[in-house]
Amino acid sequence: MKKQPLSDRRKFILNMARGVGLASLGGFVWSAYVDEVTASTLLLRPPGAIKEDDFLKTCIKCGLCVLACPFDTLLLAKPGDNKPLGTPYFVPREIPCYMCPEIPCVPVCPTGALDESSVTTNGKLDINIADMGVAVIDSQNCIAFWGIQCDACYRACPLLGEAITIEYSKNERTGKHAFMKPVIQNDICTGCGLCEKACVTEKAAIFVLPREVALGKAGDYYIKGWDKSDEKRLENATSQTTTTDISKESAVDSLNNDMKDLY
Amino acid sequence: MGTLWNNYRYLILRRVTQISLLVLYFGANAWGWKILMGNLSSSRFLNFVPMSDPYAALQMLAAGAVLGADLLIGVGVITLFYLLIGGRAFCSWVCPVNIITDTANFLRRKLEINRIQGKQPATRDMRYWILALSLIISAIMGVAAFEFISPISMVHRGIVFGLGFGWAAMLIIFLFDLFVLKDGWCGHICPLGGFYSLLGKFSFLRVHHNEANCTLCMKCKNVCPEHQVLHMVGKESLPVLSGECTNCARCIEVCDDDALEFSIRKLAQNKKTGE
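For the record, the sequence lines run as chains A and B.
First residue of the first sequence: 28, per my numbering; consecutive thereafter.
First residue of the second sequence: 7, per my numbering; consecutive thereafter.
Isolated chain A, as found in the complex:
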């Protein structure tokens, strides 16, 4: 049987279908790739960086913050670093943030991905309120927790005596020595990483993590009733009521029917 030549209409429809198909194919591969490469959460950003989701939208990857950094702390993620490509980050164990008072990396940002207002108090740049992350201590491997005297992190901290405090307690093992344990004050720590750099253990026993990774969240169910400012959180509290087999009737009914619904 001889094949008929394709009609123009059929050609048009086939071409349209091909275009849509190819666009979807490319679109899905592209989206999947972008989703994967932006998924890294263990990344420390320069001071003043806005929330990670917004940062990924807003950073244009120009490297002006990297050029401005006098200590070569900041790096741009290269292909092969397995970090969101081209965005700035730092590795405190190699080069920490030295918390320059004039914060040269922030005002140069052309897009506002590094937000000057987030590191400004009373109209002046203030690096002490920067929030790059928060230091975390591995108390099993910190030698101060063993009873060996070491205050390397405490001494290295640029907010000396504020971001890291020393807690004294008796060393029951020897009966005559003291533990001098470093404790991080989460609300003061800027995440600069000078402690991580200074830590004497082979792999740092104190290290900086992004705040969202390192910190928990008590939520609205738990309020410090003795603290007026904490009680304010109740104003915006949300609650969620769920119904289960046990709670579908009132508590009294549930107890009075021989707790049958429990079994």
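Derived from the structure by calculation, the hints contain no laboratory data.
If you're wondering where the values come from, they're calculated on a predicted model, not measured in any experiment.
Among the hints, erroneous ones may be present.
[Stated by the list, open to error] Some but not every residue of chain B turned toward chain A, in silico, with C-beta under 8 Å:
id, residue
1, Met43
2, Ala69
3, Leu73
4, Gly74
5, Pro102
6, Ala151
7, Ala174
8, Lys241
[Unchecked claim] Straight-line Cα separation of at most 25 Å, BS3-like style, residue types lysine-lysine; simulated pairs:
id, chain 1, residue 1, chain 2, residue 2
9, B, Lys225, A, Lys105
10, B, Lys125, B, Lys225
11, A, Lys259, A, Lys275
12, A, Lys78, A, Lys110
13, B, Lys227, B, Lys241
14, B, Lys40, A, Lys38
[What the hints assert, rightly or not] Distance windows between CB atoms, simulated:
id, chain 1, residue 1, chain 2, residue 2, range
15, B, Thr129, A, Pro32, 20 to 26 Å
16, B, Lys40, A, Gly46, 45 to 51 Å
17, A, Thr268, B, Thr129, 56 to 62 Å
18, A, Phe39, B, Leu19, 42 to 48 Å
19, B, Thr129, A, Arg36, 16 to 22 Å
Glycine included, every Cβ here is placed at the ideal spot set by N, Cα and C.
Using the hints, position chain B against chain A.
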């Protein structure tokens, strides 16, 4: 020597421009120069004039980012510049990937790969579809989608700030252009080229064809990376009005008969031809 200059003058000027820009950017990172700081995505000229990639800004806008004032001024500066001198002048005079794809294209001609692969299996309009797709994906994913895969930024940022595996991106483009598709990256796929094609539709600096001098040797079409823009060669005396022309001027220098020359677009003439 005179003919060498005559036949390659624009090519030499383009390479000098491309490489000087790279050196200036590199010097800002390596030696603290303040002439050109940043990279092609966004930079500062003389530590004062902001310059930003308008296509990157467009994706950021689609992604829902709030754009800062510096960025908007930078976008304005670059948009105005390329509106005047031809959008795709970026491609042939600034973009470092152009050096890679020109080399692939040169080898393609010398090795006569074009003769075993005459038919091009893809349309050059693909770049506009990819441009649209990049904005859609940016909107859905909430990040500037092309900026995370762009080999242009990868190569340029790599040269200025450290390459990593960026050399692989260079090699992929080179092999693709050499063996898969003639003018594959710059002429078919690159949405930044597509964006500048649209921007350059209205520019003033144009290549002009003088039909009276043309001997139909077709050297210009052979060397042109966007040969469809030279549709008037040997037929009519017209300026090259397509935004896809990169103003690389290779056609001008290979022409032995002075049938092609740069000119400033005549607005009156445009009305006549309906462009």
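Taking the hints in turn, this is what the structure says about them:
no. : hint                            : result
1   : Met43                           : holds (5 Å)
2   : Ala69                           : holds (5 Å)
3   : Leu73                           : holds (7 Å)
4   : Gly74                           : holds (4 Å)
5   : Pro102                          : violated (15 Å)
6   : Ala151                          : holds (5 Å)
7   : Ala174                          : holds (7 Å)
8   : Lys241                          : violated (28 Å)
9   : Lys225/B x Lys105/A             : violated (41 Å)
10  : Lys125/B x Lys225/B             : holds (19 Å)
11  : Lys259/A x Lys275/A             : violated (32 Å)
12  : Lys78/A x Lys110/A              : holds (16 Å)
13  : Lys227/B x Lys241/B             : holds (13 Å)
14  : Lys40/B x Lys38/A               : violated (57 Å)
15  : Thr129/B x Pro32/A: 20 to 26 Å  : holds (22 Å)
16  : Lys40/B x Gly46/A: 45 to 51 Å   : holds (48 Å)
17  : Thr268/A x Thr129/B: 56 to 62 Å : holds (58 Å)
18  : Phe39/A x Leu19/B: 42 to 48 Å   : holds (45 Å)
19  : Thr129/B x Arg36/A: 16 to 22 Å  : holds (20 Å)
In terms of the numbered hints stated before, the structure departs from hints 5, 8, 9, 11, 14, listed from lowest to highest.
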